[in-house]
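Guided by the hints, dock chain F onto chain Y, whose structure is given.
Just so you know, the protein sequences line up as chains Y and F, in that order. The numbering of the first sequence is this note's numbering, which starts it at 1 and goes up by one. The numbering of the second sequence is this note's numbering, which starts it at 114 and goes up by one.
Warning: the hint list may mix true and false statements.
[What the hints assert, rightly or not] Just the calculated beta-carbon pair ranges, DEER-fashion:
no. : chain 1 : residue 1 : chain 2 : residue 2 : range
1   : Y       : Lys-68    : F       : Ile-125   : 45 to 55 Å
2   : F       : Val-116   : Y       : Ile-62    : 18 to 28 Å
3   : Y       : Ser-18    : F       : Gly-129   : 19 to 29 Å
4   : Y       : Lys-71    : F       : Gln-142   : 45 to 55 Å
[To be verified] If you want a taste of the chain Y side facing chain F, the calculated C-beta under 7 Å gives, among others:
no. : residue
5   : Gly-100
6   : Phe-103
7   : Lys-105
8   : Gly-106
In short, the hints are calculated from the structure, not lab data. Ideal Cβ positions, reconstructed from N, Cα and C, are used throughout, including at glycine.
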Amino acid sequence: GENVEQHPSTLSVQEGDSAVIKCTYSDSASNYFPWYKQELGKGPQLIIDIRSNVGEKKDQRIAVTLNKTAKHFSLHITETQPEDSAVYFCAASKGGGADGLTFGKGTHLIIQP
Amino acid sequence: GAVVSQHPSWVICKSGTSVKIECRSLDFQATTMFWYRQFPKQSLMLMATSNEGSKATYEQGVEKDKFLINHASLTLSTLTVTSAHPEDSSFYICSASLPSGHGELFFGEGSRLTVL
Numbered sequence: 001g002e003n004v005e006q007h008p009s010t011l012s013v014q015e016g017d018s019a020v021i022k023c024t025y026s027d028s029a030s031n032y033f034p035w036y037k038q039e040l041g042k043g044p045q046l047i048i049d050i051r052s053n054v055g056e057k058k059d060q061r062i063a064v065t066l067n068k069t070a071k072h073f074s075l076h077i078t079e080t081q082p083e084d085s086a087v088y089f090c091a092a093s094k095g096g097g098a099d100g101l102t103f104g105k106g107t108h109l110i111i112q113p
Numbered sequence: 114g115a116v117v118s119q120h121p122s123w124v125i126c127k128s129g130t131s132v133k134i135e136c137r138s139l140d141f142q143a144t145t146m147f148w149y150r151q152f153p154k155q156s157l158m159l160m161a162t163s164n165e166g167s168k169a170t171y172e173q174g175v176e177k178d179k180f181l182i183n184h185a186s187l188t189l190s191t192l193t194v195t196s197a198h199p200e201d202s203s204f205y206i207c208s209a210s211l212p213s214g215h216g217e218l219f220f221g222e223g224s225r226l227t228v229l
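Isolated chain Y (complex conformation):
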């Protein structure tokens, strides 16, 4: 089955700086890659996703890049703010609605004021 590796496990950046979280996946058939933000005691919230027919996607301060050949994808957050502090999970799936996601282990992002 699919295996998703996520790095780093903890990332601390100064407010205003950029943060990058990286994930690799093992199943070349995976074609859907969402990123979730989870605040303490809450369920994950979808913040951005990308499909395998696209190399990059951007939504305001958040961007995701995908390298299908290398089987890795990354989350980029620019101009970080205190409210960006949370745990971020990457995931991969084959894209069908009935196909469950495989999650990475998560990255605890800490924004230092």
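Just chain F, lined up with the frame of chain Y:
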């Protein structure tokens, strides 16, 4: 985005009792819902896939007799933890996919179960 609601958000029960957690899709019909379990500072682990009108599909290592899943309607799936023990204490999260089938999953707020 789609809204998925869970109830209760937290529950404390005595060892040996059963606890039911509800997951509802509020503004769409979900033919498939997923139940995840999350231990502190760990990732989400898929427990089972719940399909409306049929039996749930459990992941390897998940006891189907202990974690009963019922998906009786297109907007409601329930997870019942039977004969709960302290090791069942965890954060249980459900998710639902949109009928369009493009893979987007939307998660509920989670239910914190503490078994004394």
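Verification of the supplied hints:
1. Y:Lys-68 with F:Ile-125: 45 to 55 Å: At 47 Å between Cβs, range holds.
2. F:Val-116 with Y:Ile-62: 18 to 28 Å: At 21 Å between Cβs, range holds.
3. Y:Ser-18 with F:Gly-129: 19 to 29 Å: Violated: the Cβ-Cβ distance is about 51 Å, outside 19 to 29 Å.
4. Y:Lys-71 with F:Gln-142: 45 to 55 Å: 34 Å, violated
5. Gly-100: For Gly-100 (chain Y), the interface hint holds, since the closest Cβ of chain F sits about 5 Å away, which is under 7 Å.
6. Phe-103: 5 Å, holds
7. Lys-105: 5 Å, holds
8. Gly-106: 5 Å, holds
Violated hints, listed in ascending order, are 3, 4; each of the other numbered hints is respected by the structure.
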